[in-house]
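A.B. asks: Protein chains in written order, with the working numbering: chain A, 293 to 671; chain L, 13 to 402.
Relax, there's no trap hidden among the hints.
Here are the computed lysine to any residue pairs in the SDA-like style, where the Cα-Cα straight-line distance is at most 25 Å:
{"id": "1", "chain 1": "A", "residue 1": "K304", "chain 2": "L", "residue 2": "I281"}
{"id": "2", "chain 1": "A", "residue 1": "K473", "chain 2": "L", "residue 2": "E262"}
{"id": "3", "chain 1": "L", "residue 1": "K25", "chain 2": "L", "residue 2": "S299"}
Not close to chain A: a few residues of chain L, all C-beta gaps over 12 Å, as computed:
{"id": "4", "residue": "I15"}
{"id": "5", "residue": "I21"}
{"id": "6", "residue": "T94"}
{"id": "7", "residue": "Q143"}
{"id": "8", "residue": "E158"}
{"id": "9", "residue": "G176"}
{"id": "10", "residue": "A239"}
{"id": "11", "residue": "S241"}
Restraint ranges, calculated between C-beta atoms of paired labels, are given here:
{"id": "12", "chain 1": "L", "residue 1": "T247", "chain 2": "A", "residue 2": "S552", "range": "50 to 56 Å"}
{"id": "13", "chain 1": "A", "residue 1": "R389", "chain 2": "L", "residue 2": "K179", "range": "36 to 42 Å"}
{"id": "14", "chain 1": "A", "residue 1": "G491", "chain 2": "L", "residue 2": "S84", "range": "18 to 24 Å"}
{"id": "15", "chain 1": "A", "residue 1": "D471", "chain 2": "L", "residue 2": "I373", "range": "35 to 41 Å"}
{"id": "16", "chain 1": "A", "residue 1": "L658", "chain 2": "L", "residue 2": "I21", "range": "28 to 34 Å"}
{"id": "17", "chain 1": "A", "residue 1": "P521", "chain 2": "L", "residue 2": "P230", "range": "39 to 45 Å"}
{"id": "18", "chain 1": "L", "residue 1": "T186", "chain 2": "A", "residue 2": "E434", "range": "52 to 58 Å"}
For the record, the hints were derived by calculation from the structure and aren't laboratory data.
For glycine and all other residues, C-beta sits at the position ideal for the given N, C-alpha and C.
Each chain, letter by letter, is given below.
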Amino acid sequence: MKFIPLIWVNLKRKKMRTMLTIGSFAVALFLFGLLTVIHSAFSHQVKIAGADRLVVRNRISLIMPLPISYKQRLAQVSGVKSVTFGSWFGGVYQTERNFFPQFAIDSETYLSIFSEYSVAPEQWELFMKDRQGCLIGEGLIERFGWKIGDRIPIQGTIFPGLWEFNICGIFKGKTPESDTKQFWFHYKYLDERDSSTKGLVGWYYVQLSDPSQADRIAQTIDEMFANSPYETATETEKAFAAGFLKQMGNIQFVLICIGSVIFFTLLLITGSNMAIAVRERTNEIAVMKTLGFSGIRILFLILAESIIYAFVGGTIGLGLCKLYTLQGDPTNGMLIIFELSHAYIALGLGISAMVGFLAGIIPSCLAMRLNIVDAMRRI
Amino acid sequence: MAIPIIYNIRSVKARYVSSFVAILAIAGVVSVFVAVLAMANGFRRTLMISGSPQNAIILRGGATSEIESSISLEQTKIIGDTAGIQRDKDGKALISPEVVGIQCFKLRSSGTDANVQIRGVSDNALKIRSQVKISRGRFFTPGLAELVVGSNAIKSYDGMDLNGKIKFGGEEWTIVGIMEAGGSSFDSEVWCDHNILRQTYKGNENSFQSVTVQLETPETFPAFKDAISLDPRLTVSVEQEIAYYEKRSEMVFTLIKVLGFLVAFVMGIGAIFGALNTMYSAISARSTEIATLRAIGFSERSILFSFILESLFLALLGGALGCIIIIPAHGQMASTINWQTFSHLNFSFAISTEILLSGMIFAFVMGFLGGLLPAWRASRMPVAVALRGL
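If we strip away everything but chain A, and leave its shape as in the complex, we get:
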């Protein structure tokens, strides 16, 4: 403890270098934070997928519909607790840039399966009474400045014409990870007004009583509809989301890959700076040894300095990254979440402390073994 002032004085010796080294660490860890944020944004859907839910879609592809009559038949499969469905609306609010997903939902059953969302009871009641009603996720409120009672026009793309909806309520996620940048309205409204897909829905969600039966039930469902005009492909919500992620594939991989290489280059640079700082002090270390400092103590002093650089820099970098993510998504709604999680902050701090240790260990070992006579001769 009594050496803290000594370490402190050493840190202040070359203020510019101290600042630059801490700064490089901060930049590297900011970058690390940013890459994990991008990574989580891409893989988010996989993470939040419900373990007890299956997605049933048309075998051809997700854009092909399934008949509404399947609801009854799916509900009869043993092991199925409940069934709901949804359809993609894909409308445009004002301009194409204002993209957000709109789903026509089976309002009676949707929330019982997606239990991660909640709606205030009085708002729900209002929604159920209003055929043109809609619910908006809290993630959309700020973006468009909507409030309950607003009537909003959405231009149909798949379903032609101008559609108007009354905002009846706001749904919230029970955990911060939930995707609340969505817009829900009654499937009945869609079905009533548009004849092109009458009696057809986009996809089904099936909730299971026992998640371990998922594979068996998925197979049963697909066999049930095999050789019909509407064959199905059933998989767990997680596999479904992971499949999408694989299609996004390369872009994320390339970003993360390049970023990681650079991250470690930056850390190497920082490490070499630290080594230079120690080398410059060779004489001084020799003097300290002459005064009776043990090798271990010298090792400890230099290592402590290096870890402090790393830790302070890491904290600043991750802190700034956290602040940056609080500003919101720079791609304007294209990423579902833009958040630096606590787990990654902890990992980042761990990495920076470790790099601080690694960067300091070689120069401090050299210092520990330093031969006093050799070093003094250079003075």
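Given chain A's structure and the hints, the job is docking chain L onto it.
C.D. replies: Chain L in isolation, oriented as in the chain A frame:
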């Protein structure tokens, strides 16, 4: 009087370890910067070259992409009779009413599903899209369940082999040809006869999703557009094909650019720190040298100039190294799902001279910012104090 540049070059050589570290940092940043631009550029280019200024694409009014759209058979006939459409030597209008579906095929790389765009075209399709050529095999025979597969699609998706058979949509299809589309999005597509695909996707409904027409010249487009828009029997929107495809690239293009620039910007700051550090230690190690230069008559300004030059020299080496490292990425394939068409798209990194140039400019900006403060300090160094160190 200016200090000879050779002095700076020799000093960079003398301090090769710290110079190397600074050069490496700048090289890393420049290579990532170039890679990101090349990726965004490659993606956009793939869609841009899919469209031709001489072609127009017609969708239902309000639809933003082909899969959302629907055009009835009667409407396609009305469109075909509109003035301004190019005709072939038999007097037939060059028009291709198309059915566009998304069919899941397994990716060879991961074994998971990919949304592949499958396009039912008329037998005019090759005349309308002159960039598409059959490279192996032949074009499909109208009326038969035959497929022509894009050159990237055949590499990416499982079960696609020339003369092989593949089953989907209640039909067994024979792959009869491979088409080469110059790196455009058609290289990721699968083509077949529109009448057969229509049955697969729409049952007996008499409708298509889009109509692509070739105009007499690109200049006829405004007149053609007016004619179509004013026809009360049509509720459609007309776009020049090139504009349509450009819009379809917007979302992913922005995503790559915003995220990529963010990463490159942060790394740029890191590299500036690296350059600052190198230059500061170079200067403090050289204080007697600098003082000597001042003592023998070099002005403050020429010292300042000389050190900025040295930093820019480091940047030049770093930038050039970065560009050289990343050039092999040119032409590398990448793929992603294009959310705007909901389909999987293969594209290649496209590095252009402009991109390399902007990478070098970025390197010089980093070098300049990293060299300015240290150079200023060097120029203001008190001569007497520094010389005492001798």
